[in-house]
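S.K.: Protein sequences appear in the order of chains A and B. Per the working numbering, residue 1 is the first one in the first sequence, and the count goes up by one each step. Per the working numbering, residue 1 is the first one in the second sequence, and the count goes up by one each step.
Be careful, since some hints might not be right.
[As the list claims (entries may be wrong)] Quick list of simulated restraints, FRET-style, between CB atoms:
1) A:Arg26 to B:Ala183: 31 to 39 Å
2) B:Glu129 to A:Ala262: 33 to 41 Å
3) A:Leu32 to B:Ala183: 33 to 41 Å
4) B:Trp264 to A:Ala187: 42 to 50 Å
5) A:Val165 to B:His265: 39 to 47 Å
6) A:Thr123 to B:Ala36: 31 to 39 Å
7) A:Asp168 to B:Glu132: 26 to 34 Å
8) B:Glu132 to A:Asn166: 32 to 40 Å
[As the list claims (entries may be wrong)] Here chain A is said to cover these stretches of chain B; the calculated rule only asks that three of the stretch's residues, wherever they fall, bring their Cβ under 8 Å from a Cβ of chain A:
9) 98-104
10) 116-125
[To be verified] To give an idea of the interface, some chain B residues facing chain A are shown, with a C-beta separation under 8 Å as derived from the structure:
11) Ala73
12) Leu75
13) Pro93
14) Pro95
15) Phe107
16) Pro108
17) Trp109
18) Leu150
19) Lys152
20) Val170
Hints were generated in silico from the structure; no laboratory data involved. Being a predicted model, the structure only gives us computed values, none of them experimental. Backbone N, C-alpha and C fix where the C-beta goes; we use that ideal spot for every residue, glycine too.
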Amino acid sequence: MTVVSTPTTPVASTEVAGAARRRTPRPQRKLLLLNIASIVGGIAIWWLLALNGFDFPTPAAVAGRAVDLARAGTLWEDVLASLGRVLAGFLLGSAVAIPVGFLMGWYAIARGLLEPWIQFFRTIPPLALLPLVLVLLGIGETPKIFVIFLASFLGCVISTYQGVVNVDRTLLNAARVLGAKDGTIFARVVVPASTPFILVGMRVGLGSSWATLVAAELLAAQRGIGHRMQSAQLFYDLPTIFVGIVLIGVLGLLMDRALLFAEGRLTGWQERR
Amino acid sequence: MTSPEGARMDAAGGTAAGDRPRISVQEVSKVFQVGAEDFVALDRVSLDIADNEFVTVVGPSGCGKSTMMNILAGLEEPTSGAALVNGQAVHGPGPERGVIFQQYALFPWLTVRQNVEFGLRTAGMGKKERRERAEHFIHLVQLDRFADALPKMLSGGMKQRCAIARAYAVDPSILLMDEPFGALDALTRVKLQEQLLETWSAEQRTVMFITHDVDEAVFLANRVIVMAARPGRIFDVIDVDLPYPRHEDVRLSPEFGALRNRVWHSVYHQDAGTSASAMPSTTTARQ
Numbered sequence: 001m002t003v004v005s006t007p008t009t010p011v012a013s014t015e016v017a018g019a020a021r022r023r024t025p026r027p028q029r030k031l032l033l034l035n036i037a038s039i040v041g042g043i044a045i046w047w048l049l050a051l052n053g054f055d056f057p058t059p060a061a062v063a064g065r066a067v068d069l070a071r072a073g074t075l076w077e078d079v080l081a082s083l084g085r086v087l088a089g090f091l092l093g094s095a096v097a098i099p100v101g102f103l104m105g106w107y108a109i110a111r112g113l114l115e116p117w118i119q120f121f122r123t124i125p126p127l128a129l130l131p132l133v134l135v136l137l138g139i140g141e142t143p144k145i146f147v148i149f150l151a152s153f154l155g156c157v158i159s160t161y162q163g164v165v166n167v168d169r170t171l172l173n174a175a176r177v178l179g180a181k182d183g184t185i186f187a188r189v190v191v192p193a194s195t196p197f198i199l200v201g202m203r204v205g206l207g208s209s210w211a212t213l214v215a216a217e218l219l220a221a222q223r224g225i226g227h228r229m230q231s232a233q234l235f236y237d238l239p240t241i242f243v244g245i246v247l248i249g250v251l252g253l254l255m256d257r258a259l260l261f262a263e264g265r266l267t268g269w270q271e272r273r
Numbered sequence: 001m002t003s004p005e006g007a008r009m010d011a012a013g014g015t016a017a018g019d020r021p022r023i024s025v026q027e028v029s030k031v032f033q034v035g036a037e038d039f040v041a042l043d044r045v046s047l048d049i050a051d052n053e054f055v056t057v058v059g060p061s062g063c064g065k066s067t068m069m070n071i072l073a074g075l076e077e078p079t080s081g082a083a084l085v086n087g088q089a090v091h092g093p094g095p096e097r098g099v100i101f102q103q104y105a106l107f108p109w110l111t112v113r114q115n116v117e118f119g120l121r122t123a124g125m126g127k128k129e130r131r132e133r134a135e136h137f138i139h140l141v142q143l144d145r146f147a148d149a150l151p152k153m154l155s156g157g158m159k160q161r162c163a164i165a166r167a168y169a170v171d172p173s174i175l176l177m178d179e180p181f182g183a184l185d186a187l188t189r190v191k192l193q194e195q196l197l198e199t200w201s202a203e204q205r206t207v208m209f210i211t212h213d214v215d216e217a218v219f220l221a222n223r224v225i226v227m228a229a230r231p232g233r234i235f236d237v238i239d240v241d242l243p244y245p246r247h248e249d250v251r252l253s254p255e256f257g258a259l260r261n262r263v264w265h266s267v268y269h270q271d272a273g274t275s276a277s278a279m280p281s282t283t284t285a286r287q
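In isolation and in its complexed conformation, chain A is listed as follows (with noise of 0.2 Å):
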């Protein structure tokens, strides 16, 4: 069995792909050397802004608003509070939206019947679902849970289905031939195939989940960012609401730099561009 032909260490040595050796750390630096002076500067016009008779707390202002919210302790219950409503909404919407997302993209079936109901629920945004789930649920913690369970679920549901239908058939054909049956070809080809897209589908259903939260939370709740932003609004008091926007932003950014983070770890086998 020792087939080995030409001797073709030239050729194996020529044929590693360049792809093997682009890790170029500079265009990385120099972008975020950019992304730092951006950001700086953007706070440095602010900062100008707001001392040439806008109406704006200076950035020092914000900053010293958020130490004295941090230290009497509302900061951390209202991040608390969000953060808590966001991520009980969205897991929840995620592991349901990924078993149905994946039924659908299976079975025609499951596609036949559950497709007019997900778009339907599509084109509502789901804060627009409030006024009739506060009057059902409550006012507690469930009403907000369920809107975001709603907004993450319909970000994730159509993404998983898309990339259940779009593996590759070449794929599916070589699983078989090799022998796999529909289970294994589900779990060891389907599933990781269809990965990516159910990542993006996981980072606008947090993306939306987010948005939706706030908007939540100022309309109806005891703590939490936006209930803190919205009695701000009453006794005209910017810095705290600037405060609340900073925050909103940051989590967000954080939250998605999480997941994106997850995507490179769990899809660095793609072959980009």
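Assemble the complex: chain A is given as a structure, and chain B must be docked to it using the hints.
M.R.: Okay, now just chain B, sitting in the frame of chain A:
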């Protein structure tokens, strides 16, 4: 005739009683619905391939060569007729038939080693044995240094070598190859052709190899099947009486040139010829 096994051609001729062909395509038709119309991909095609024979199939696009391969692979069912492998009608894929696709079809989330082990895992082979076997075939296609690399790190030729190792690992007696070298550059292609022939003569498998490259078809085969389109059918069958092992010198020989011209003419001047009706659609009578 100095083919690796003298009996091959006799078997193709269907002489020995009870010595049935390894692959037998019997009056196979395949009709696809395209809108309101029927597209006849294969029209009553019959073909026998003997044990250890290397058959190449060439033809214009739409001649049904890939459809025929998919039917033999068990990925498609014929509309009528039957495809037999070892005397058994084909229904679904089986471990005795290895398939190599033009698009490599490696699982991009698995390393070279994991790809090669895929079929062994579905067959329930133990971890240690699996690993040894994969190691052997990775070495056979000279990818030792890339055993733990993901497909995205590999060039086209390396990907196809990995796909070949993956197909060999489950030890099929039949290899069905659908334009496996179609996307590769000329140099890599020639190297892989020679490598494939060496492996084939050493391990004795029955190969059906689809290509659109006339040189490749003649260089590899015992027998070249030329197909025609609309409807998909066998147009001509050309025996290649060149001795194995075949290397560079064979390509430059006048005999090779003459055969190549003949196949070329058969593939690209099908409209002029009347051989569609003159040729028997089954090849068993030709030896």
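S.K.: With reference to the structure, classify each hint as holding or not holding.
M.R.: How the hints compare with the structure:
{"no.": "1", "hint": "A:Arg26 to B:Ala183: 31 to 39 Å", "verdict": "holds, 33 Å"}
{"no.": "2", "hint": "B:Glu129 to A:Ala262: 33 to 41 Å", "verdict": "holds, 34 Å"}
{"no.": "3", "hint": "A:Leu32 to B:Ala183: 33 to 41 Å", "verdict": "holds, 38 Å"}
{"no.": "4", "hint": "B:Trp264 to A:Ala187: 42 to 50 Å", "verdict": "holds, 47 Å"}
{"no.": "5", "hint": "A:Val165 to B:His265: 39 to 47 Å", "verdict": "holds, 45 Å"}
{"no.": "6", "hint": "A:Thr123 to B:Ala36: 31 to 39 Å", "verdict": "holds, 35 Å"}
{"no.": "7", "hint": "A:Asp168 to B:Glu132: 26 to 34 Å", "verdict": "holds, 30 Å"}
{"no.": "8", "hint": "B:Glu132 to A:Asn166: 32 to 40 Å", "verdict": "holds, 36 Å"}
{"no.": "9", "hint": "98-104", "verdict": "holds (count 4)"}
{"no.": "10", "hint": "116-125", "verdict": "holds (count 4)"}
{"no.": "11", "hint": "Ala73", "verdict": "holds, 6 Å"}
{"no.": "12", "hint": "Leu75", "verdict": "holds, 5 Å"}
{"no.": "13", "hint": "Pro93", "verdict": "holds, 4 Å"}
{"no.": "14", "hint": "Pro95", "verdict": "holds, 6 Å"}
{"no.": "15", "hint": "Phe107", "verdict": "holds, 6 Å"}
{"no.": "16", "hint": "Pro108", "verdict": "holds, 5 Å"}
{"no.": "17", "hint": "Trp109", "verdict": "holds, 4 Å"}
{"no.": "18", "hint": "Leu150", "verdict": "holds, 5 Å"}
{"no.": "19", "hint": "Lys152", "verdict": "holds, 4 Å"}
{"no.": "20", "hint": "Val170", "verdict": "holds, 7 Å"}
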